[in-house]
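Peer 1: Protein chains in written order, with this note's numbering: chain W, 53 to 427; chain H, 53 to 427; chain F, 53 to 427.
Derived by calculation from the structure, the hints in this document are not laboratory data.
Model, not experiment: these values are computed from the prediction.
Among the clues, some could well be false.
[What the hints assert, rightly or not] Derived BS3-like pairs (lysine-lysine); straight-line CA-CA distance at most 30 Å:
#1 W:Lys-366 x W:Lys-380
#2 W:Lys-141 x H:Lys-366
#3 F:Lys-380 x H:Lys-372
#4 W:Lys-293 x W:Lys-366
#5 W:Lys-372 x F:Lys-141
#6 H:Lys-417 x H:Lys-372
#7 W:Lys-141 x H:Lys-216
#8 W:Lys-380 x F:Lys-406
#9 W:Lys-380 x F:Lys-285
#10 H:Lys-380 x W:Lys-156
#11 W:Lys-141 x H:Lys-72
#12 W:Lys-372 x H:Lys-380
Residue strings, one per chain:
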Amino acid sequence: MAGNTEEHFVTDKNVIRTRKRMLSCPAAMIAPRNQWYIAALSQEVTRGMLSRQILDDHIVFFRTEDGSPVGLADRCPHRGVPLSMGTIKDDAIRCAYHGFEFGKTGVCQRVPSQSRIMPQLAVQSYPLLEIGPYIWIWMGDPARADESLLPDQFELGITRPDWKITPLFVMEMGCNYQLLHENLLDVSHISFLHAGMLDTGSMAAASFKASYAGGRVRISRDLNEIPNDVMAKTFNLTAGKPVRRTLITEAIPPQLSVITNIFTDPENPNAPPHTMISPQGVTPSGNNRCLNFLINCTSYPDEQPEDALPHLWKLFEQDKVVLEAVQKRFDEEGWDLPEVSVMADAAALNFRLKMVELVEAEREKAATAKPLGST
Amino acid sequence: MAGNTEEHFVTDKNVIRTRKRMLSCPAAMIAPRNQWYIAALSQEVTRGMLSRQILDDHIVFFRTEDGSPVGLADRCPHRGVPLSMGTIKDDAIRCAYHGFEFGKTGVCQRVPSQSRIMPQLAVQSYPLLEIGPYIWIWMGDPARADESLLPDQFELGITRPDWKITPLFVMEMGCNYQLLHENLLDVSHISFLHAGMLDTGSMAAASFKASYAGGRVRISRDLNEIPNDVMAKTFNLTAGKPVRRTLITEAIPPQLSVITNIFTDPENPNAPPHTMISPQGVTPSGNNRCLNFLINCTSYPDEQPEDALPHLWKLFEQDKVVLEAVQKRFDEEGWDLPEVSVMADAAALNFRLKMVELVEAEREKAATAKPLGST
Amino acid sequence: MAGNTEEHFVTDKNVIRTRKRMLSCPAAMIAPRNQWYIAALSQEVTRGMLSRQILDDHIVFFRTEDGSPVGLADRCPHRGVPLSMGTIKDDAIRCAYHGFEFGKTGVCQRVPSQSRIMPQLAVQSYPLLEIGPYIWIWMGDPARADESLLPDQFELGITRPDWKITPLFVMEMGCNYQLLHENLLDVSHISFLHAGMLDTGSMAAASFKASYAGGRVRISRDLNEIPNDVMAKTFNLTAGKPVRRTLITEAIPPQLSVITNIFTDPENPNAPPHTMISPQGVTPSGNNRCLNFLINCTSYPDEQPEDALPHLWKLFEQDKVVLEAVQKRFDEEGWDLPEVSVMADAAALNFRLKMVELVEAEREKAATAKPLGST
Chain W
53 MAGNTEEHFV
63 TDKNVIRTRK
73 RMLSCPAAMI
83 APRNQWYIAA
93 LSQEVTRGML
103 SRQILDDHIV
113 FFRTEDGSPV
123 GLADRCPHRG
133 VPLSMGTIKD
143 DAIRCAYHGF
153 EFGKTGVCQR
163 VPSQSRIMPQ
173 LAVQSYPLLE
183 IGPYIWIWMG
193 DPARADESLL
203 PDQFELGITR
213 PDWKITPLFV
223 MEMGCNYQLL
233 HENLLDVSHI
243 SFLHAGMLDT
253 GSMAAASFKA
263 SYAGGRVRIS
273 RDLNEIPNDV
283 MAKTFNLTAG
293 KPVRRTLITE
303 AIPPQLSVIT
313 NIFTDPENPN
323 APPHTMISPQ
333 GVTPSGNNRC
343 LNFLINCTSY
353 PDEQPEDALP
363 HLWKLFEQDK
373 VVLEAVQKRF
383 DEEGWDLPEV
393 SVMADAAALN
403 FRLKMVELVE
413 AEREKAATAK
423 PLGST
Chain H
53 MAGNTEEHFV
63 TDKNVIRTRK
73 RMLSCPAAMI
83 APRNQWYIAA
93 LSQEVTRGML
103 SRQILDDHIV
113 FFRTEDGSPV
123 GLADRCPHRG
133 VPLSMGTIKD
143 DAIRCAYHGF
153 EFGKTGVCQR
163 VPSQSRIMPQ
173 LAVQSYPLLE
183 IGPYIWIWMG
193 DPARADESLL
203 PDQFELGITR
213 PDWKITPLFV
223 MEMGCNYQLL
233 HENLLDVSHI
243 SFLHAGMLDT
253 GSMAAASFKA
263 SYAGGRVRIS
273 RDLNEIPNDV
283 MAKTFNLTAG
293 KPVRRTLITE
303 AIPPQLSVIT
313 NIFTDPENPN
323 APPHTMISPQ
333 GVTPSGNNRC
343 LNFLINCTSY
353 PDEQPEDALP
363 HLWKLFEQDK
373 VVLEAVQKRF
383 DEEGWDLPEV
393 SVMADAAALN
403 FRLKMVELVE
413 AEREKAATAK
423 PLGST
Chain F
53 MAGNTEEHFV
63 TDKNVIRTRK
73 RMLSCPAAMI
83 APRNQWYIAA
93 LSQEVTRGML
103 SRQILDDHIV
113 FFRTEDGSPV
123 GLADRCPHRG
133 VPLSMGTIKD
143 DAIRCAYHGF
153 EFGKTGVCQR
163 VPSQSRIMPQ
173 LAVQSYPLLE
183 IGPYIWIWMG
193 DPARADESLL
203 PDQFELGITR
213 PDWKITPLFV
223 MEMGCNYQLL
233 HENLLDVSHI
243 SFLHAGMLDT
253 GSMAAASFKA
263 SYAGGRVRIS
273 RDLNEIPNDV
283 MAKTFNLTAG
293 KPVRRTLITE
303 AIPPQLSVIT
313 NIFTDPENPN
323 APPHTMISPQ
333 GVTPSGNNRC
343 LNFLINCTSY
353 PDEQPEDALP
363 HLWKLFEQDK
373 VVLEAVQKRF
383 DEEGWDLPEV
393 SVMADAAALN
403 FRLKMVELVE
413 AEREKAATAK
423 PLGST
């Protein structure tokens with residue numbers, strides 16, 4: 053971040069313009085579709101039905117008798133009733149209205165009033181992958197579903213042997229997913245919006261290193277802290293006992309933000325670090341709604357105290373309230389409302405530009421080829 | 053319904069296109085206006101005021117001192133206050149705001165602040181007809197109100213000597229009236245959406261005869277049934293005693309659906325049949341709202357059990373929930389969302405095409421002549 | 053008001069057309085901006101924060117430590133969070149999200165993450181004037197704020213020595229401010245909408261004088277009345293004791309309506325009159341929302357009875373209910389819905405035309421010069 057960066061971001065007319073270009077369109081097109089997104093926490097998908105909107109698509113999730121998760125377009129092709137209003141029958145959904153049945157591939161298996169079943173009687177079946185606490189969904193052309201595009205699970209802390217995985221919650225936020233992405237990357241708000249909840253006041257003043265590689269933005273800070281009660285509870289530390297803390301925030305386009313906290317004991321620097329990786333799925337729901345999926349992966353087996361969860365929920369609600377107020381103004385006055393950026397926004401703005409590139413590249417490809425495989 | 057019918061309806065692009073042509077316009081034009089519609093149950097219109105929207109028009113209903121029903125445009129021509137916010141004074145409505153008074157012909161009779169009353173100070177008065185349990189309204193040019201277009205009342209069971217007439221309820225549904233029409237014609241959903249409430253499970257499998265005459269669609273089924281408790285209650289039968297049942301569903305464009313159940317005793321086939329005719333007024337309110345007026349006309353004088361009414365209400369609420377979910381998706385994504393039809397939909401689709409013809413014929417006539425007499 | 057006036061207003065197509073021209077645009081442009089409007093009752097603005105929308109602008113009000121009122125654009129220029137979600141710190145607002153601080157001139161004083169503060173980091177500061185019970189705001193170009201355009205305070209009763217000033221309430225109404233203006237000027241509705249609350253029935257029949265000068269419309273009536281209990285309570289009179297009453301309603305474009313009641317004792321005509329001046333701020337909030345600020349200024353020091361306030365609130369709620377019903381129809385069907393006017397509307401229509409002139413003159417000026425100083 054050279055001196056001219058500051059000048060660059062003072063008015064950021066370009067950044068506003070690109071944001072408008074990215075977001076002033078149906079939600080189905082504000083994010084790249086040929087990608088994996090987190091669709092649900094594993095525990096949310098059961099033998100009952102879960103209906104969720106992702107990139108404008110209504111999708112119903114359930115599990116077959118052998119436990120495999122299934123995601124189908126949530127609209128009966130016959131008369132348009134949401135399939136999620138129906139019932140599970142064996143490995144199929146039976147529509148509430150006329151009893152048509154659709155199996156896990158989305159093909160209709162039964163029309164009660166006739167024996168012939170036309171091939172048009174089918175709904176889209178979305179490719180899903182279940183790994184640890186998350187169920188991932190491929191929102192693009194199913195034929196192009198590409199597991200190699202799945203974010204590295206070890207890096208997220210999910211597949212590390214002996215680590216403890218704690219699924220926390222899904223929070224729906226009434227804002228565009230890009231606002232949530234920028235909020236998660238932007239550590240400079242912690243000392244104000246979350247005053248006293250995540251640090252002991254030293255965060256805003258700490259120097260940081262930023263790196264940009266492979267489209268990712270990574271911010272790293274090193275601090276010495278003496279945890280207060282709240283911070284000790286969140287990270288399973290001992291209140292009052294000094295720690296050396298490394299805080300890394302990393303945005304992985306288009307669908308993840310990963311916050312990593314590494315604590316070491318200054319008196320015993322070579323002991324294994326006490327590490328918490330908190331991946332956050334950032335999934336667009338509509339143009340001004342998104343989903344935030346939070347889990348914690350910890351290198352230590354100790355349970356978090358019971359009251360850590362309400363504390364974390366409250367913390368994210370602070371973000372939700374602010375982001376929804378920002379979104380409300382964009383809804384009223386349009387995406388070209390000005391923003392004046394400062395040095396601390398450089399990482400978020402770089403990520404925004406990266407996301408715009410990703411989205412526009414896919415749109416251009418779609419325009420010159422066959423339409424994307426969305427419903 | 054020849055073999056080629058099935059092919060015809062597999063993709064039914066034409067049917068979708070005509071539906072879109074019919075419905076993608078203001079509610080005032082989605083149904084023919086030069087027709088009688090059911091505006092209210094007789095008991096709803098009193099010396100107080102009832103405000104109701106029909107084909108987008110706001111209309112206020114009341115009765116004069118001699119008991120005649122009156123329907124006036126529900127907006128004072130002076131400053132636009134709904135007349136239904138005012139008070140009844142003799143045979144006129146006095147506006148709440150400035151006390152202007154409008155008689156049953158819609159002409160202003162009194163302006164408190166001056167003696168001269170300009171002819172422009174008048175609201176439309178809608179031609180009404182009250183016959184038995186229903187009040188009918190003519191939504192087109194009042195000068196063309198044509199009683200010969202009124203559906204035959206004997207056929208509806210309303211004017212048959214010694215029959216019992218039971219007004220049941222008005223249910224407002226958040227869907228286009230055409231969706232309700234197709235729902236009422238479509239018996240194939242009974243065994244699923246209303247499982248266990250209207251038949252003993254034999255309905256879906258029963259063969260049927262369809263006839264198309266004079267724009268009407270009529271479906272008839274003959275079944276042998278042994279009524280369970282619920283079915284016995286609905287139709288005043290004896291549970292467990294076999295009956296021969298004829299079920300006729302008839303759609304009468306543009307405003308009625310008539311369901312007729314005829315029960316005979318197999319042991320005594322020549323005894324007078326036990327008949328229930330259930331006319332249902334299907335009245336467009338707005339583009340995605342309609343009113344369903346239900347009465348029962350029975351050949352037998354016995355009262356229905358007291359708990360039959362909540363049972364019927366629950367039954368229609370099942371339809372309401374499903375139809376509103378379907379409408380919600382049309383609202384979100386437009387009237388050209390695809391539908392894939394099956395053989396059992398042939399009757400409903402034929403009726404849909406008939407309705408489109410009726411609506412478009414009137415629109416064409418209106419375009420080549422003077423405007424319709426709507427407000 | 054000559055005989056031809058009546059003809060003129062019978063259909064008043066011109067008046068409707070001008071109204072449509074005035075109102076079919078964003079709220080920011082439906083009233084002249086280079087004017088003072090009442091923004092708040094003095095008592096509403098404290099060391100806490102008050103957020104209010106005026107002519108579409110979101111504005112946050114607070115007081116500095118020395119008690120001066122401040123009005124700033126209620127959107128942080130950094131990331132768009134409403135400043136009213138933040139906190140007051142000395143004479144500045146600290147934004148809830150990143151802690152940026154903005155002083156009373158709207159200039160940013162602190163960015164926690166850096167020392168340099170770019171001049172773009174500023175919000176509009178609105179010129180305010182606090183006089184007696186009202187805080188006035190200049191909605192146009194701050195450089196052109198012109199105290200000489202402020203309505204005469206003595207005339208409003210506010211700066212008269214020994215008079216009693218009673219701030220009453222702010223009522224938000226879901227209607228365009230022009231509808232409220234016309235309602236306040238139009239005394240002919242009192243005997244109907246407020247039957248029994250403001251007069252003893254003689255109002256509608258009373259003759260009146262109208263005068264038009266300097267863009268104002270002034271209607272004056274002289275009546276003899278014997279106050280009933282309700283009227284006596286409202287005006288601090290003695291029930292049953294005859295009074296001579298002069299009622300003057302005056303509309304002052306663009307932002308005030310003033311109702312003056314002067315009571316004299318017929319037995320003692322030379323005694324000082326018992327006068328109540330009720331100024332009403334009529335402030336556009338959005339296109340179909342406005343604010344009504346009511347105070348009473350009385351020549352007599354006696355307290356109004358405690359139950360006079362609920363009585364007045366109820367009175368204005370009667371207007372609110374009717375005006376919101378009228379607005380709802382305009383919202384549904386557009387501003388060119390017809391109105392048929394009568395003689396008693398002449399004053400309101402003249403005022404409407406005056407307001408259209410004012411608004412259009414400013415729009416024309418804006419079109420040929422630099423843009424207005426709105427945000």
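Peer 1: Hints the structure violates: just list their numbers, smallest first.
Peer 2: 6, 7, 8, 9, 11
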